[in-house]
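Asks: As a plain string of letters, each chain reads:
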Amino acid sequence: GDSVTQMEGPVTLSEEAFLTINCTYTATGYPSLFWYVQYPGEGLQLLLKATKADDKGSNKGFEATYRKETTSFHLEKGSVQVSDSAVYFCALTNGVWSGNTGKLIFGQGTTLQVKP
Amino acid sequence: GAVVSQHPSWVICKSGTSVKIECRSLDFQATTMFWYRQFPKQSLMLMATSNEGSKATYEQGVEKDKFLINHASLTLSTLTVTSAHPEDSSFYICSARRAGADNSPLHFGNGTRLTVT
Chain A
1 GDSVTQMEGP VTLSEEAFLT INCTYTATGY PSLFWYVQYP GEGLQLLLKA
51 TKADDKGSNK GFEATYRKET TSFHLEKGSV QVSDSAVYFC ALTNGVWSGN
101 TGKLIFGQGT TLQVKP
Chain B
117 GAVVSQHPSW VICKSGTSVK IECRSLDFQA TTMFWYRQFP KQSLMLMATS
167 NEGSKATYEQ GVEKDKFLIN HASLTLSTLT VTSAHPEDSS FYICSARRAG
217 ADNSPLHFGN GTRLTVT
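Going down the list, the sequences are from chains A and B. Just so you know, the first sequence maps onto residues 1 to 116 in the numbering used here. Just so you know, the second sequence maps onto residues 117 to 233 in the numbering used here.
There could be a bad hint or two in this list.
Within a straight-line C-alpha distance of at most 20 angstroms, the following computed SDA-like cross-link-like pairs (lysine to any residue) qualify [unchecked claim]:
no.: 1; chain 1: B; residue 1: Lys157; chain 2: A; residue 2: Ser3
no.: 2; chain 1: B; residue 1: Lys180; chain 2: B; residue 2: Arg153
no.: 3; chain 1: A; residue 1: Lys60; chain 2: A; residue 2: Tyr39
no.: 4; chain 1: B; residue 1: Lys157; chain 2: A; residue 2: Val114
no.: 5; chain 1: B; residue 1: Lys136; chain 2: B; residue 2: Lys182
no.: 6; chain 1: B; residue 1: Lys157; chain 2: A; residue 2: Val37
no.: 7; chain 1: B; residue 1: Lys157; chain 2: A; residue 2: Lys60
Note that these hints are calculated values from the structure, not bench results. Predicted model, so just to flag it, every value in this text is computed and none were measured.
Work out the full structure: start from the sequences and follow the hints.
Replies: Right, dumping it as structure tokens:
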């Protein structure tokens, strides 16, 4: 079945450091890929998305490129801030079609801690 | 934007009682809502897919008689944890997709922290 694998955390960085969180996936067809962020005690917020190969999603300084050849969707940010400290989830959906509900499949999450 | 409201945000109940959690899409209609469960420091596990006007589809291993899901309207789905036990203590999160937007991302509620004593 479809699955998502993220690098294990926690990832601890100093403010203004470069961030990379690796994400690879296994899926049939042509999934859409997402990054969600979860702050302590809260639900998930969509950070960015990409719906086809070579698409680059970006938001709030974060970027991720849909690489079909390597089945990856790594999250990057050039200069992290303390306020970026959160748990980041990579996810995929294979869309809505007969027999498929469009559910999201999540990776295990990566905790990012940014120190001042 | 698309807002999903989940209520209550936290609840403490005694073992053996039932708890209802509501998930509302505030500014859009959602034919499909999803219920997830999250254990501490773990990922989200899909429990069931809630379909407006029909029965929910449960993931393997999820007890449908214990976790009752009702999706009575295009803006409301409820999850009832029946005869709750301490092992049901968890963080429950709902999500919704705007009707007619099959490839759009899911919008999540802020979750409900359930503690069963």
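Asks: Could you run down the list of hints and mark each one as holding or not?
Replies: Outcome of the hint check:
For the proposed pair Lys157 of chain B and Ser3 of chain A, the alpha carbon gap of about 19 angstroms is at most 20 angstroms, so the pair holds. A C-alpha spacing of about 14 angstroms is found between Lys180 of chain B and Arg153 of chain B, which places the hinted pair at or below 20 angstroms, so the restraint holds. At roughly 15 angstroms between alpha-carbon atoms, Lys60 of chain A and Tyr39 of chain A fall within 20 angstroms of each other, so this suggested pair holds. Between Lys157 of chain B and Val114 of chain A the CA atoms are separated by roughly 18 angstroms; this keeps the pair inside 20 angstroms, and the hint holds.
Restraint check for Lys136 of chain B and Lys182 of chain B: satisfied, since their Cα atoms lie roughly 12 angstroms apart, inside the 20 angstroms limit. As the CA atoms of Lys157 of chain B and Val37 of chain A are separated by approximately 14 angstroms, the hinted pair is consistent with the 20 angstroms bound. This hinted pair does not check out: Lys157 of chain B and Lys60 of chain A have alpha carbons roughly 25 angstroms apart, beyond 20 angstroms.
In terms of the numbered hints stated before, the structure departs from hint 7 and from no other.
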